[in-house]
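*Asks:* Here is how the chains run, residue by residue.
There are 2 protein chains.
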Amino acid sequence: MTQPRSSDQYRRLRVALLGAGAVGSQVADLLLRHGDELADRAGASLELAGIAVRDVDAKRDVELPAELFTTDAESLIVGSDIVIELMGGIEPAKGNLLLALNSGADVVTANKALLATHGTELFEAADQVGASVYYEAAAAGAIPIIRPLRDSLAGDRVVRIMGIVNGTTNYILDRMDTEGADFAEVLADAQRLGYAEADPTADVEGYDAAQKAAILASLAFHTTVPLDAVHREGITSITPSMIEEARAAGFVIKLLAVCERITVDGSESISVRVYPALVSRTHPLASVHGANNAVFVEAEAAGSLMFYGAGAGGVQTASAVLGDVVSAARRHIAGGVGVGESTRANLPTVPIGHVITRYQITLEVDDQPGVLAAVASTLSEGGVSVATVVQTVDDPSTGSGTESSAPADGSGTARLIIGTHRAAEQALSDTVEALAASDVVERVVSVLRVEGE
Amino acid sequence: MTQPRSSDQYRRLRVALLGAGAVGSQVADLLLRHGDELADRAGASLELAGIAVRDVDAKRDVELPAELFTTDAESLIVGSDIVIELMGGIEPAKGNLLLALNSGADVVTANKALLATHGTELFEAADQVGASVYYEAAAAGAIPIIRPLRDSLAGDRVVRIMGIVNGTTNYILDRMDTEGADFAEVLADAQRLGYAEADPTADVEGYDAAQKAAILASLAFHTTVPLDAVHREGITSITPSMIEEARAAGFVIKLLAVCERITVDGSESISVRVYPALVSRTHPLASVHGANNAVFVEAEAAGSLMFYGAGAGGVQTASAVLGDVVSAARRHIAGGVGVGESTRANLPTVPIGHVITRYQITLEVDDQPGVLAAVASTLSEGGVSVATVVQTVDDPSTGSGTESSAPADGSGTARLIIGTHRAAEQALSDTVEALAASDVVERVVSVLRVEGE
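Order-wise, the sequence lines are chains L and V.
Sequential numbering of the first sequence, starting at 1, is according to the UniProt record's numbering.
Sequential numbering of the second sequence, starting at 1, is according to the UniProt record's numbering.
One should not assume that every hint holds.
[To be verified] Listing some non-contacts, in silico: residues in chain L with all C-beta distances to chain V over 10 angstroms:
id: 1; residue: L48
id: 2; residue: R54
id: 3; residue: P65
id: 4; residue: E74
id: 5; residue: K94
id: 6; residue: L99
id: 7; residue: R160
id: 8; residue: G180
id: 9; residue: T239
id: 10; residue: T413
id: 11; residue: V445
[Claimed, not checked] Quick partial rundown of chain L residues pointing at chain V, CB under 10 angstroms, derived from the structure:
id: 12; residue: H34
id: 13; residue: A42
id: 14; residue: R147
id: 15; residue: L153
id: 16; residue: R157
id: 17; residue: F296
id: 18; residue: G303
id: 19; residue: A320
Bear in mind the hints are in silico, worked out from the structure with no lab data behind them.
Quantities reported herein were computed from a predicted structural model and do not represent experimental measurements.
Note that the Cβ used here is the ideal one computed from N, Cα and C, for glycine as well.
The following block holds chain L by itself, in its conformation from the complex:
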């Protein structure tokens, strides 16, 4: 019953692929295997003209025709209709994409580092020639989030995005949560299993998530958000006991990218930040396990939306890249200029100090009468109001505390777990500093923000 397919009936578009790593080799494979099907959907025949790589003899994840490989990216780019950049890094990726745009090609990229640092330059170059930059794969892997933010929610006002956008850190935190394992142990395991790089800094210190946060915030708030405006904290200081305490209070710890519309001094602004935060176990984001990603979006009219799926992986990310290739091909066939970026709102990004949030603070204190009063008075002087206090007595044999409502007996140390009410971040962090300097506080064990309430 199916019609005979023939890509011959379509206009042929030359597709150049730059890079043949985990994602690139899958993109090439799918382009070659599903050519007829993709042609029917795009209304154009997608001819893989070549694959530019540094080393044509390197081993690839998928076997591909040797004659497609070249080290001469520039010759491949010139004369192509669609250029897919999956090399990563800033240069030569950026130069190649600018060359592609100036040669009249539409470009598809998954390069979050490049977009977060030089996106404006690329978008402007595309604008000048009426081409488009597609980058669905640059944030949250296979999860369609770019089009929903750019198009579906273009008539709405996004209030807040909370995203689990880094699979490695979610994998690590999830295993720490389910197994009680410690960070170093799970990281080593993740490296063995290929979930984390040999140098895990980009993931565990939140750099990767910060790049994605800048991309998502730019789209959501129609504003260019520079990467250095993103506040960033990683997960290396998260301990099993922090996860244990979080659980006891009904929370799970997730590395979140938070993009928020806030009003500061009466004017509309945005805050973009990445940090490990406490999320209620009843929040939809709490049930995002393993290396999965999810983006939770709150908009004025649409209400709460969530987008969930694989955040990484070669073939998964290749799906997002190929969706962009089909879109680019359709635009080539349809004619007209590409739709440019929408950054006219141009809202200022404010420093973290202006953000309204609430803290969960764990202190190690002298176990003697009057300590709680002293701590409470420091909090009150800092303008921070207390919502909950739990006191536990440290058991030195296990290093973990047991909950206690008995009066302190002056014989050692105790833990105070203080949940504050919402306050400005600056007041909260100043108060934590004051607590750290206080005579009765032996140690500030941990400070975590609560999100998603």
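Got chain L; can you put chain V on it based on the hints?
*Replies:* For chain V alone, kept in the frame of chain L given last:
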């Protein structure tokens, strides 16, 4: 720091709105209140030229300028650049949209009934003039699902969609599940609260979900799926004891729209069906509560994705409509022809009998020796293999059974809950008929399919 905004700097586009019900009045309100912001995003000034309604004096959800209202839809349509149809029903909606397309306008509609029955006609009319039909609001309300399927996944192969796409039935089933209430009781409550219509047939009999299933399947499989190819069953026969039994087996009952790529006699086909099904409580769809919607998509490369949010509601749906209006405006500014529908795969839709699924069958049987053997032999003759059997003895005082592993004593009736292995639907339903006709079976209490395993 924000730039001064001025919609005067943009080309003006005339927007006509047809219908001012729950969604339409919110769309008009947002267009009027956020005009400058929308202009910045669209690159065009969106001028609400008028609102066509049957009765200009009817009470609206939102107060709107009286001078915008007209009963003359045709005059409003001619000369408009974008026409938003939110009247519902087939005529005059269809005639109005065809007039709009033939007058050179792009059209935005949330009319699932019209799209599911006359979509092809609209898309062809749009194709002929190079215009576009936008309909993000027609399936799953505010949840962006149309663009992800049409664009983001255009380079992938969707294997299966399982959607909770009707908020009313999810609200009813969720309350039955959490409160143990019966269908009629919760339906009456839902009607009082405005979650269900006075005539609830379209929702509870699955007609609304079937329309959305046809739309989603058409997009996902690049195939025109006619509404009458969708197998449809409603939820009116779901009882509290079925929900109770489902819970005991680790399931929750959800009304699902299932769109599936299947191979029949060696050739690729699709199945589209709507019915109440058992879903494991660990499946992401199980935690979709209240009137929310969610669409779970499995694709060959992307893996599992889920899209979650509000499936209905005036202002929520208005968000999706306005996203489409901004997209239409951008296309007007960019030039070129609209991107047509992709239906070249043209896969046949097969009847439900070909589907491979598995059943959970509850039987009322004579409580005497040999019954299980007789039932097992009927199943085996039908080619249906048994995965689990639970026998309970009916307690006539409560009407519910208690689990029993004791041998039947011949003194009354017992229940057999049989979970089958996967088999062709035809074999399963034939076997249920044979069971119903069997001497030892007093009554087939319920038959439910299991999905999402």
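*Asks:* For every hint, state whether the structure bears it out.
*Replies:* Evaluation of the provided hints:
1. Listed as outside the interface, L48/L is consistent with that label: its C-beta sits roughly 13 angstroms from the nearest C-beta of chain V, beyond the 10 angstroms cut-off.
2. At roughly 25 angstroms, the least C-beta separation between R54/L and chain V is larger than 10 angstroms, which holds for a residue marked as non-interface.
3. Distance check on P65/L: its Cβ is at least 20 angstroms (rounded) from any Cβ of chain V, clearing the 10 angstroms threshold; non-interface status holds.
4. Every Cβ of chain V is farther than 10 angstroms from the Cβ of E74/L; the closest lies at roughly 26 angstroms, confirming the non-interface assignment.
5. Consistency note on K94/L: stated as away from chain V, and its beta-carbon is indeed over 10 angstroms from all of that chain's, at 24 angstroms minimum.
6. No Cβ of chain V approaches the Cβ of L99/L within 10 angstroms, the least distance being about 23 angstroms, so the stated non-interface status holds.
7. The claim that R160/L lies off the interface holds: its Cβ sits roughly 14 angstroms from the closest Cβ of chain V, which is beyond the 10 angstroms cut-off.
8. The non-interface label for G180/L is consistent with chain V: the shortest C-beta to C-beta separation is roughly 21 angstroms, beyond 10 angstroms.
9. Non-interface status of T239/L relative to chain V is upheld: no Cβ of that chain comes within 10 angstroms, the nearest being about 29 angstroms off.
10. Distance check on T413/L: its Cβ is at least 41 angstroms (rounded) from any Cβ of chain V, clearing the 10 angstroms threshold; non-interface status holds.
11. Listed as a non-interface residue, V445/L keeps its Cβ farther than 10 angstroms from every Cβ of chain V; the least gap is roughly 33 angstroms.
12. Because the smallest distance between the Cβ of H34/L and any Cβ of chain V comes to about 7 angstroms, under 10 angstroms, the interface hint for this residue holds.
13. Hint status for A42/L relative to chain V: holds, with the closest Cβ pair at about 7 angstroms, below 10 angstroms.
14. Hint on R147/L holds. Least Cβ distance to chain V is approximately 5 angstroms, under the 10 angstroms limit.
15. Checking L153/L against chain V: minimum C-beta separation of about 6 angstroms stays under 10 angstroms; hint holds.
16. Look at R157/L: its Cβ gets to within about 7 angstroms of chain V, closer than 10 angstroms, so that hint holds up.
17. With its C-beta approaching chain V no nearer than about 9 angstroms, F296/L sits inside the 10 angstroms limit, and its interface hint holds.
18. For the restraint placing G303/L at the interface with chain V, the shortest Cβ-Cβ distance is roughly 5 angstroms, inside the 10 angstroms limit, so the hint holds.
19. Of the supplied interface hints, the one on A320/L holds, with its beta-carbon coming within about 7 angstroms of a beta-carbon of chain V, less than 10 angstroms.
The structure agrees with every numbered hint stated previously.
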